[in-house]
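*Asks:* Single-letter residue listing:
There are 2 protein chains.
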Amino acid sequence: MDYFDFVVSEVHGLRIEELAKLRSAGKKVVGAFCIYAPEEIAYAADATMVGLCAGADFSVPNAEAVLPRNLCPLIKSFYGFKINRTCPYFQSSDLVVGETTCDGKKKVYELLNELVPTYVLEVPHKPDTAQGKAFWFKELEAFKTEMEKLTGNEITTKKLKEAIGLINNKRRALKRLSDLRAKSPSPISGLDGLLIDQISFMDDVKRFTAKVNELCDELDQRVRKGEGVASKDASRLMISGCPMAVPNWKVHSIAESVGASIVVEESCVGTRYFTDLVEPKGESLNDLLWAIDEKYSKIPCACFTPNQRRIESITQLSKQFNVDGVVYYTLQNCHDYNVEGVKVERALKAQDLPMLKIETDYTMGDSEQIKTRIQAFLEIIEEKR
Amino acid sequence: MDYFDFVVSEVHGLRIEELAKLRSAGKKVVGAFCIYAPEEIAYAADATMVGLCAGADFSVPNAEAVLPRNLCPLIKSFYGFKINRTCPYFQSSDLVVGETTCDGKKKVYELLNELVPTYVLEVPHKPDTAQGKAFWFKELEAFKTEMEKLTGNEITTKKLKEAIGLINNKRRALKRLSDLRAKSPSPISGLDGLLIDQISFMDDVKRFTAKVNELCDELDQRVRKGEGVASKDASRLMISGCPMAVPNWKVHSIAESVGASIVVEESCVGTRYFTDLVEPKGESLNDLLWAIDEKYSKIPCACFTPNQRRIESITQLSKQFNVDGVVYYTLQNCHDYNVEGVKVERALKAQDLPMLKIETDYTMGDSEQIKTRIQAFLEIIEEKR
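Residue numbers (my numbering), protein chains in the order written: chain A, -15 to 369; chain B, -15 to 369.
Some hints here could point you the wrong way.
It does not matter which identical chain is meant; a pair holds if it fits inside one copy or across any two.
[Stated by the list, open to error] Listed next, the in silico DSSO-like pairs over lysine-lysine satisfying Cα-Cα at most 30 angstroms (straight line):
hint : residue 1 : residue 2
1    : 133       : 327
2    : 355       : 327
3    : 167       : 195
4    : 282       : 122
5    : 133       : 117
6    : 282       : 167
7    : 12        : 110
Derived by calculation from the structure, the hints in this document are not laboratory data. Fair warning: this is a prediction, and the values are worked out from it, not measured in the lab.
My request is simple: use the sequences and hints to build the entire structure.
*Replies:* Shown next, in the form of structure tokens:
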């Protein structure tokens, strides 16, 4: 983990220097908040995509001077970061790529656009319809044009194919790491697993991919030796729900401090990002774009209606990771994940898997309460075993 | 107003009997919550469209047994009504037509569909793009097929043209009434104006249209005589924001009880519904559907991004209605209208028009607080004059 701990310690230092160097060499940096921002297309235009700051409480009060308080902390956090110019990734971005995955972000992007150029892609909300897929394809084409305009670089078939390969490799490495966490005992803590997923949105893609694979080589050894971080009989938990942006480590820290082992995050900062690859069925530019269309349409975001794919994914993951319970994590005022929790809870009940619903923000005011609730949840799990 | 007061008193009586008669004669009733449900297409299939119960607090606690509490009261209200079977319009509906205008409704429609067949139209959120309009056209075509399937009636060009005429006449009558409220003094109270807009979603279309026109004839007389309900120097207010479903009369009652005159609702239960007509540019079925596409795309719902048309509409209305101030009305946890309030406030400030933001639910717990705030707002307005 040394590399990743180093990256986090230098997340506002060396990496920002690298981005500054790229920019002084004429390259463009594109910031994003969501895994629907099509990285492959940005990289094909020789741009670099980075995740923007959205996980800290200290920027929220500044945002609340403008935005309503009854809004998701992630949204208030990023808007506050930009108002205060305290996120170096924001400050290094030539363009922000937004999307219409939720009402809150969608409307705040309008205000963000006053502070930094913000391009919004529309994600259709009824998945699997022919008109939805065709519409998303048009949005991808428009984004391709936008990236070409921003960078001055043409996105050729060759370039896009290379970018797809680059990002597929990153997704493969993260999937490999995730699969290792399915072992019993898990060879790495949930907190470290989360941290690596978070860094994947900030670090240089090639270097990051190599480092994740190196770590996996080490973890392979640990697995062979039966070494883990938590005790062999620690309760194995899945976290499912809203994304956790750096430095949002609240629930993981609390749960693992009381003896749980978090083995998988069914999250955008987690399985939703790396489960599927972009797999073109042909060699033309259109084939490549359609493959991107297909891959992104399969991300089981709660913005979709209905979103049966997510229920299926949670069921599959609960089996693959042999989890004893699920912590359903919702950021305050996130209607999509909050309401979808009703269906997830039912599906887990049918599998006789206990679920604990935590709705929280980035403050630490409810930490003790969350701790007590997780402890009680672990007791329920232990009684069931 | 006698007719409309009678309709409200019989809203759970005679009108429900009428719907029952229609149904026993083999006709279908379609329920809806949103002015994006394309009435013209439903009526062209000989179905009747009615607004469903969504404006009362008493059904909220039942909904909260299933749904998160941090959700808009309108959504909790309708879900509670259906759980309890206490809305006779729900109970009379063969199908509910939903739409993707907000996260909360979109996700709760999935749960509603377990209680009553619910068909969801996807409304594109970036207005005025060619791909958005084309997508919406496809959604309208799919809805046409759905209505034909439900009713067994083919939607012919002739039928659709007639239905467009029917609904255009209703919109014209409501616009005529609204324009009369622009006079000084307004010949009718805001509460009565709101009530009529609310009834427009429940009553028989032809009868309702005739009755609104009769009322307008009376009001024409009052205007000629300079008669009004409030004193000539009462402050003239616009209400702008979230829709108010029957029996949500909270803010109107409070504001008018302390001497304000509410002259216009920039709302879905208000100007957004009747400002534009469906105006076909040709005679073919496609021409008619495109005209519906165009009309609905122009509704300045806060679900759009960006939504400049709404800012322009508020500015235009504030002048036409000669308002002294705007009450910006948001239902709790409605991100779209809540965040858009930031831009609306700025636009009003640029016009030197005071704005009061009220975020509330259907309970009466904050009535005294709202009263005090409106009184203070009226004092500010009076000082400015």
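*Asks:* All hints, please: hold or fail.
*Replies:* Verification of the supplied hints:
For the identical chains of this complex, residue 133 and residue 327 are inter-copy neighbours only, at 29 angstroms across copies versus 43 angstroms inside a copy, given an alpha-carbon limit of 30 angstroms. Taking the closest pair of Cα atoms, residue 355 and residue 327 come within 30 angstroms of each other only inside a single copy of the chain (25 angstroms); across copies the shortest separation is 40 angstroms, beyond that limit. When the C-alpha separation of residue 167 and residue 195 is checked against a cutoff of 30 angstroms, the pair qualifies only within one copy, where the shortest distance is 20 angstroms, while the shortest distance between copies is 72 angstroms. Taking the closest pair of Cα atoms, residue 282 and residue 122 come within 30 angstroms of each other both inside a single copy (17 angstroms) and across two copies (22 angstroms).
Taking identical chains as interchangeable, the C-alpha atoms of residue 133 and residue 117 lie at most 30 angstroms apart whether they share a chain (24 angstroms) or sit on different chains (24 angstroms). Proximity of residue 282 and residue 167 under a CA criterion of 30 angstroms is satisfied intra-copy only: 26 angstroms inside one chain copy versus 55 angstroms between copies. In this homomeric assembly, residue 12 and residue 110 come within 30 angstroms of each other (Cα to Cα) only across copies, at 26 angstroms, whereas the closest approach inside a single copy is 33 angstroms.
Comparing the model with each earlier hint shows no violations; every hint is respected.
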